Amino acid sequence: MSLLTPEVITGSLSQVGSMVLYVFLGALVVEVVVYFVFGKIFKSKYTLPYMLLAPAAIGLTLLVIYPMAYEVRLAFTNMSLRHFRNYSLSLAQGLQNFKLIFAEPVLKQVKFFPLLSRTILWTVINLIFHVSGGLVLAILLNRRMRGRGIYRTLLVFPWAIPQIVAVLAWRGEFHFEYGFINVMLQRIGLQPIQWMVDPFWNFVAACITNIWLGIPFMMIIILGGLQSIPIEFYDAAEIDGASRWQQFRSITLPMLRPILTPAVILGTIWTFNNFNVPYMINKYELETSDILVTALFRAAFEYNRYGFSAAFALVILLILFVFTLTYIRVTGGIKGVYE
Amino acid sequence: MKKFVTILLVSMILMSLVSIASASKVNLVLWTKEGEEPLDWNKSLVAEYMKANPEVSIELVKKIDVEVLREDFLTASLAGSPPDLLWTVNDHAGPFVAADVIEPVDNLFDLSIFVDSALEAVKLEGRYWGIPISNGNHLMLLYNKKLISKVPEDTDELFAIGKKLTQGGNYALVWNQTEPFWLVPWLGGFKGKVFAEDGVTPTLNTPEMIATLKFIHDMKFDAKIIPPECDYDAADTLFKEGKAAMIINGDWSLGGYMGVLGEDLGVARIPKVVATGEWPKPYTSGVYFMLAKGLSGDKLKAAQDFIGFVASREKQIEMVKLLNRLPALKEALKDPLVTENPILKGSSDQMVVGTPMPTVLEMRCNWDSMKPEMLAVLTDTKSPEDAAKAMQTSVEACIKALK
Amino acid sequence: MSLKIKVEQKRVYNFFRRRARGDSPFKRLIIHIVLILACLIAVYPILRVISVSLRPGDRLLSTSLAIIPKDASMQSYYKIIFEKDFLLWLWNSLCITVTTAFIGLVLAATSAYAFSRWKFPGRIPGLLFLLTTQMIPAAMLIVPIYVLAVQLNLINSYRGLALAYSVSSIPFSIWILKGYYDTIPRELEEAARIDGASQMSTFYKIILPLSTPALAIVFLFNFMMAWNDWILARIMLQKEKIFTWPLGIWTLAGQFRVEWGTFTAASILVAVPVMILFLYSSKWLISGLTAGAVKG
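Protein chains in written order, with the numbering used here: chain V, 48 to 386; chain X, 537 to 939; chain S, 1069 to 1364.
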């Protein structure tokens, strides 16, 4: 056992202390530089905002821009196990990588478009259940009743648990003999399901887990939105003789839109890019349970096809980007944030 | 002012002295794939060596499993800061040699003192890439003497005895049904091989493979002597709990089973395949030291010395005692401790009919292609013929991608 | 006359209010049943984890569905605390996470203020860039981040991971904080400036105090994100002594053997404080998440 000896504790604290000091000094230096460059040399009237932004900008450059540039460059190489140190960088090589993504199986058997369709199916199924489940629960909770606080607290559990714990716990529950689902199935007299081995059921298992994980977030968002709808609208509608369903369609849904739009966009992106759930639930690494990002990870780390996977990543990013722009255009719902 | 400058100079000198003193120490970083008892042995080896050689400091880093070790070593090499030494399995040589991140060892050590089969498993492109520590890492038939007194000699006997023993939650035989490592011994028994003569062209869609897949399918669905779903954990637990008479597992598990079953543990060869008259051929390899590329100077000397220390007869015998693994040193094999221990005798008896595990880069494609198809056959979702065909398509695509 | 109509209207109004809120006892019963069922589904897996963690060591795998097993024992808990480096992992996580939450908050609070109050060149592209960062799959950036971290000597130490976490939390935090700042009327700041205050002091003295709910939310999110992360920690921390708890738990759920006892015990020990923290602040979460998105 590693005791939390005083040495260990002081060691950590000194690490923390020195880190804070470095960050502080670094930021100071950056601020001074920005001040002089923008303030004195360019005499810009935007000096202050740039100073405010500078540390974050530098951080993001290091964490996002440089790695992205590295990956873009990598996408034009053939770096892999055989070409680890001496790889070739060229436009032709890059085009070759992109061609390979669409022409050949990404890992062993599955090609790009089936993989993309499966990812889209995964995203759509999850999102439908997330939103409808969240909507139903939020509507049920949006009233004065006893135990409302308790219900809300309990229903948020799946979101509150650390994701890796939840996913590995669910994976345990899909165990053929000892997982509670199969145990209950057997008690009812049904055949136990081979969750980990059968491609179809493995996909279902991943969906079940992710739906369970994702409903609370939607529920909370929608609940917040519902609570901001003035009750007078409903009363007026009642007086005018509108049915509950008509009220829902013409009051609830439109008023939820400003909240739902960013939630759905974020939800879609997070689900599309969800790594933990499909990767961990897929215990035996069935290729049929992979979605785009898990296939990307495997291509990079298990098959060491670094150049190929970089190109692959760019394709995934492009798809998401196009989706987001289209969704924003179609719903026009997010303009407010960027004004 | 003068006082300040003096203090500054003195402290600078002191600091440089300190750094010289610590710089005279040679620091080696050793990554190991071992866990539990073997890891404890790693730790004690390192501690003992450092005590005897105070100018060398070895940092032992445990990697969670072999996959993590492989991934991390490649990533670290990419970044230019790999560890100096590896304590790992033979099939890492394939990818590491392809990526040119390890050193060949023929010129650095006298390899004639080691067992041939152990060396074969790390031979690539005509050179040797690792120093063997233990020999084996192979599957064998382990049985519980309380539940079965005479092990079946061949597969017909296995099915007959098995049917009698499998009832009421007890099974005759358990093994890890999710990894192709457990499939290849039977493939060997049916006279099949995963590679053609050249060692790099895969031969998975063969009559021998189909026969093997049919065999394991029958084991489960006709003779019904194995559990419906069984991974490593489940097999291990069932055997330890006395609910399985026999288990096919590797030499790494011997220590654990001896602890639970003691005298009741028996070791034998996996039963002969009646259809061909051949003994199944589990893959043999072992555990090896590998050196990072570019290791030179003092570090190289220290590494050589440490490896010599571990490969010494004394330490090899210690390993036999503690871990029940067969030594890679020829001399140590002759020691009565090895020749008279019934468990080790059984283990080496099985090894004799084994075959060295291929270590070429393409082997990974074989493993990855066999795994899902084997699972499909065992869940009755694919016929053996279709599975074999799919395996071949997979492996060819995978190898193509490696170019 | 008008008073009578008003009273009548009020009665109708109240009647409809009650009706409109679905008050029939039968409907209420159904609602309660549905909610109870939903809560069971939400909570059951955690109960299972608790029950496995309480099982004695030699019967970890069993088909019993009892929540509290017959011979419940705290064996796994003792094992994880005293035989493994669990406390060390928690301590590492705590140090890194708290630092991350603070640094991330400071960086985001200042940057969001810039985005909210000035229309500087590069503002819209900047915002779009922040949105794009949310779309990047983390798996894509792992290798270059690792290479960069090795070159900057940030591996296997708190600072590398803490800096990575702080920076990766910035886009989401800016989104929330900017939305919140936008709802604070500029007149407040203008009034202060007329009184002679500088731009930055209006930031400290007016904007920040008014934004405490949003700041608290951002702190909480940063904390949760850093506390729970596995993938960045996996590449930045390679030595066991410096593992955070997700890495530590991962070592227990290895490829072949899952140490169910210690794994579930560790999961509970980690999850419980996190959940308490989370649930305690859940009322803020609703307002914080929606305030940024809905324009007042």
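Any given hint might turn out to be false.
What the simulated footprint calls covered on chain V by chain X, stretch by stretch (three residues with Cβ under 8 Å from a Cβ of chain X suffice, anywhere in the stretch; the number is not a length) [unchecked claim]:
1. 122-133
2. 250-263
3. 275-281
4. 321-333
If you are wondering where the hints come from, they were derived from the structure by calculation, not from laboratory data.
None of the values given here were measured: they were computed from a predicted structure.
Glycine is no exception: its CB is placed at the ideal position from the N, C-alpha and C atoms.
_Non-conforming hints, listed in increasing numerical order_ = Numbers 2, 3 - these are the hints that the structure violates, sorted from lowest upward.
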